[in-house]
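Chemist: Single-letter residue listing:
There are 2 protein chains.
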Amino acid sequence: MYRGNFDISDYVEERVALAHASFDATDDSLRVSLARVAGGRADLILRVKADEQGATIDFEYAAPGINRLWWRVQAESDEAVWGCGEQMSYFNLRGRHFPLWTSEPGVGRDKRTHLTWQADVTSRAGGDYYHTNYPQPTYVSSTRYCLHAQTTAYADFDFRRGGFHELQFWAVPERIELLTARTFVDLVERIAARFGKPPRLPDWVFNGAILGLKNGRDHADTLLAKSREAGVAVAGLWCEDWVGLRITSFGKRLFWDWKWNETRYPGGKAWAATLRADGVRFLGYVNPYLCNDGTLYAEARDAGYLATRLDGGDYLVDFGEFWCGVVDFTNPAASDWFAERVIGKEMLDAGLDGWMADFGEYLPTDVKLANGVDAMLMHNAWPTLWAKVNADAVASRGRTGDALFFMRAGYTGVQKYCPLLWAGDQSVDFTRHDGLQTVVTGALSSGLLGNPYHHSDIGGYTSLFGNTRTPELFMRWAEMAAFTPVMRTHEGNRPDENFQFWQDAGVLSHFAQMTRVYRALAPYVRTLVDDAEARGLPLQRPMFLHFEDDRATYDIHDQYLYGPDLLVAPVHAAGAERWRPYLPAGARWTHVWSGETFEGGARVDVAAPLGQPPVFVRAGSANEAALLAIAKA
Amino acid sequence: MYRGNFDISDYVEERVALAHASFDATDDSLRVSLARVAGGRADLILRVKADEQGATIDFEYAAPGINRLWWRVQAESDEAVWGCGEQMSYFNLRGRHFPLWTSEPGVGRDKRTHLTWQADVTSRAGGDYYHTNYPQPTYVSSTRYCLHAQTTAYADFDFRRGGFHELQFWAVPERIELLTARTFVDLVERIAARFGKPPRLPDWVFNGAILGLKNGRDHADTLLAKSREAGVAVAGLWCEDWVGLRITSFGKRLFWDWKWNETRYPGGKAWAATLRADGVRFLGYVNPYLCNDGTLYAEARDAGYLATRLDGGDYLVDFGEFWCGVVDFTNPAASDWFAERVIGKEMLDAGLDGWMADFGEYLPTDVKLANGVDAMLMHNAWPTLWAKVNADAVASRGRTGDALFFMRAGYTGVQKYCPLLWAGDQSVDFTRHDGLQTVVTGALSSGLLGNPYHHSDIGGYTSLFGNTRTPELFMRWAEMAAFTPVMRTHEGNRPDENFQFWQDAGVLSHFAQMTRVYRALAPYVRTLVDDAEARGLPLQRPMFLHFEDDRATYDIHDQYLYGPDLLVAPVHAAGAERWRPYLPAGARWTHVWSGETFEGGARVDVAAPLGQPPVFVRAGSANEAALLAIAKA
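Residue numbers (my numbering), protein chains in the order written: chain A, 1 to 633; chain D, 1 to 633.
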């Protein structure tokens, strides 16, 4: 690991087909013993239980020395496959393989771009198409089944072969689960039920945008006022610098000792209360590390709550001129301490209504953990442990469904705890593998696996090597965000070098318009939240979820249904004046801005000037009139 | 394949340890049957014959379906390994793996350089440390053995493991051979005997430099005169454009129809005779392709001498706006035709005394060949077949040891046919993986495997993306070339954009000095040629060849012994005024330019201005006085 980027390689001693099976049936299951040679000793014993809704395959026994498994699943040549967590580059995974290991997603994520190359050379950080904060060994097949592997081991799902998928695991999994259903909607419901549903999205978010500001209290007050004056509807302020800064040679970083910084935010708690009375929630920032020059680190270390070196010594992770301890969430007392002492006391009790719960991807593989499990196996488990710590803290104050934290890291089980995903750190551009469009892909893939709520940094985050945000990029991103559950801006990693929405009257006005569109959508979106709560359906949906028979929708990664009745095709290119969305077959679609209606089953060509993102209402739907009215918001 | 660059990947069905052996001894050999399980059917049967000089392991039987072999060889933790053909980046191969597949070597060859990235992105041509025109599945171990695998299959030799080397083959080899000896010199002699020794280097090369000129006859005449006036000793002119040009959007290419172009070289044959009478040999260019708009293509196609598509149709290789047929050297009649009709008649009979025998790496893997063997297996065999065609042509005119062709491609067996290697297409720079120093690495690794004669393009060849040759680079390269068997210049791939030696009086004078040094060395170098002829020892030798006990020499890739008595440490950095060569322990070394003598076993710091390459004479050697005299050449 180098700052969240991993260099992963393997040396395979043997890879042996266990081609000889013997069977032992009981009333409710089948025991399968697999051996290398006919009549030979079993190397692997499975127990299979099947019913009309799918099957489970429990791994009962693996011979000593077996520490890898390659599992083949029959595939059809025209089969599409989706999921594997939150995938940012490809929605249909067929034709590629996907290593599943939570990590930094990469900067550029495309070895053919100069940006990626620079990130690779300077900090090993370029990434590739499969890098994601949120992997999950679960996929959905177009043949109407979902396969989930219950394991936290490193995995690599390979969808490149014609006749089979091959799932590689760096440990024998506990279980493989197969869920089946007649329709995609039913299948997604079953998946959501399997992993557990998150709390309902709090209603206060629909008041408007959450403004990401990070330059102290005066900056926040000033820009809140300026934004409101310009007609921006505001639901909250998100100030990640609430903890104060640390100046390094890299630039301004946060001080990772999680409590109000009174210099930067004088009277923080009282100020937050004032904001709240004014209808504006205050959100902060936290991550699972504690800097070793902070007070919380000392507390945690003294109590034995930190992961250690294998020899028991202090383990400190280098974050670039500062060093942090890793709170050991495999120790229930440490998790409780973080939930109560840090998030409970320093954040919820101190006036915070939400926060970015950052990181979760960085568990080093060479730490010693309290539960005695190899960190190679706990690494992927960490995001969910981290989500649970946050959820427990919120629950401890009775704030579930009200206080809102958002995470980029995830893994199996995060669905139940994390109320809102955020799409991580896009570059401030329109690029294929690290720009605006990757947010849609991330929402669609994670949404299929039981994550109904997704959003992103409006305008993107990462600005490196002279790549900076344009006003146009901000506007296109805001246009998309209005059609997602949460609108939240971000100043980016280098605020001073990048365009900010308040710096141009035209952009500010455009942004205000988009917050009005967002508010106008709220009644409809609340029905989608009902759907999410009751059935686990995502708000942003792949088109095939409601148009099963239109295979042309299977590969489209850059547009979505927002609930059953809206189709959103965000513009993700600079200088675009028109756009050519695909409209699913089997319905007629009315273009929100022109009122023109099109027959589905083809791409259509529509004007898409700034302020008029390509959005279509399903003709004849109950919500038709209300949704068409957003054009006048 | 894309223009000589290959994208190679594999899918391994099974990799099974054949851990159960049974033995059957005869008088002179041991038959070993290897099975998956004790008492099971043999999957692989070997016959081992051993004596005090090594062993052979013949593969007598492999079960149907076995198409890969991973062969482990016990290794010691401090063992060094060299060879694997002509390796350009690393001399000691330990710690890395080396795919063995003849191909373009790459431009930049280092994923961390911008040049490599640009070459990759624009033409998949960046390459990596292991890419080479001349791979060979043969290595030399510091534990005093050589392992050779007799196969032409794709292979990957992996020297990364602590306790073993692992040799991967994409076919079961015919044989593995182990040669052992008491000393490195004896071992190299045995290796040279195994692969066959090339003809003796012709004595005429010692007359001076071979000038690479490629802009028609007037250009050649003018620059020959100008060079001689400046005191440059000239042995030959090498004009690759003797066949005329083809203008493409990429730039000037050669016309691949191998015969004199009378427009560009009026009266070519007579002119070559005039040059020869004046003591200057004429050299041209040929490669194994025939452009489909040339007359030779039509001849070869009509005679059925070209490789075809699998369905029997014409196979044409895209070389960038022109298309070529592949002469099928597995057809003896086609080889004879190329040797007699092309090289014999159009080249040797037409006045050529030598040529660059280019390419050999490009056999596509999807052609149908006359011998019925899969092109995947013939690809690596091609360079040696190509070398034999050239050698046969030379022999047919009784010119062996006189006419001189030089090749960059190679494989097992090329040693016997190819009289001179050339180090391929370095970039015109000092970079670690594609610059001047790679020539030394290439000479050392190939030299250990029975290739005594090596040289390079003075000044480098490849100039792309604004990377151009400096006068300093040319001078440093000439300084090295004076201490190699052949001095030959090259205008590079873009002559007009790159520095040429005649463009600056100072450089011309420096070059003249280096040709005088080269000539002054000739009496000594002839004794090295005697060594090569009698024993197969390379002229450029790894230091450990004569200093077995100094392990510090095992890793050094950028300096060499030129015969037993000279140590050469070429300057390979811009702006260097001093240099710090390592002098082997066990001798005293006299710096040629200062006369200062140093004790070996350490690095020394010496002045290394232009014109004074770091060269040392072994104190007390028989040649000491003569070698020290080169300082006054």
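Hints were generated in silico from the structure; no laboratory data involved.
Accuracy of the hints is not assured; some may be wrong.
[What the hints assert, rightly or not] From the structure, some residues in chain D lie toward chain A, with a derived Cβ separation under 10 Å:
1. 16
2. 17
3. 114
4. 120
5. 121
6. 160
7. 161
8. 166
9. 170
10. 365
11. 368
12. 432
13. 502
Yeah, the Cβ is synthetic: ideal placement off N, Cα and C, and Gly gets one too.
Chemist: Each of the hints needs a verdict: does it hold here or not?
Modeler: Here's how the hints hold up against the structure:
no.: 1; hint: 16; verdict: 5 Å, holds
no.: 2; hint: 17; verdict: 5 Å, holds
no.: 3; hint: 114; verdict: 7 Å, holds
no.: 4; hint: 120; verdict: 8 Å, holds
no.: 5; hint: 121; verdict: 5 Å, holds
no.: 6; hint: 160; verdict: 8 Å, holds
no.: 7; hint: 161; verdict: 8 Å, holds
no.: 8; hint: 166; verdict: 9 Å, holds
no.: 9; hint: 170; verdict: 16 Å, violated
no.: 10; hint: 365; verdict: 20 Å, violated
no.: 11; hint: 368; verdict: 25 Å, violated
no.: 12; hint: 432; verdict: 14 Å, violated
no.: 13; hint: 502; verdict: 37 Å, violated
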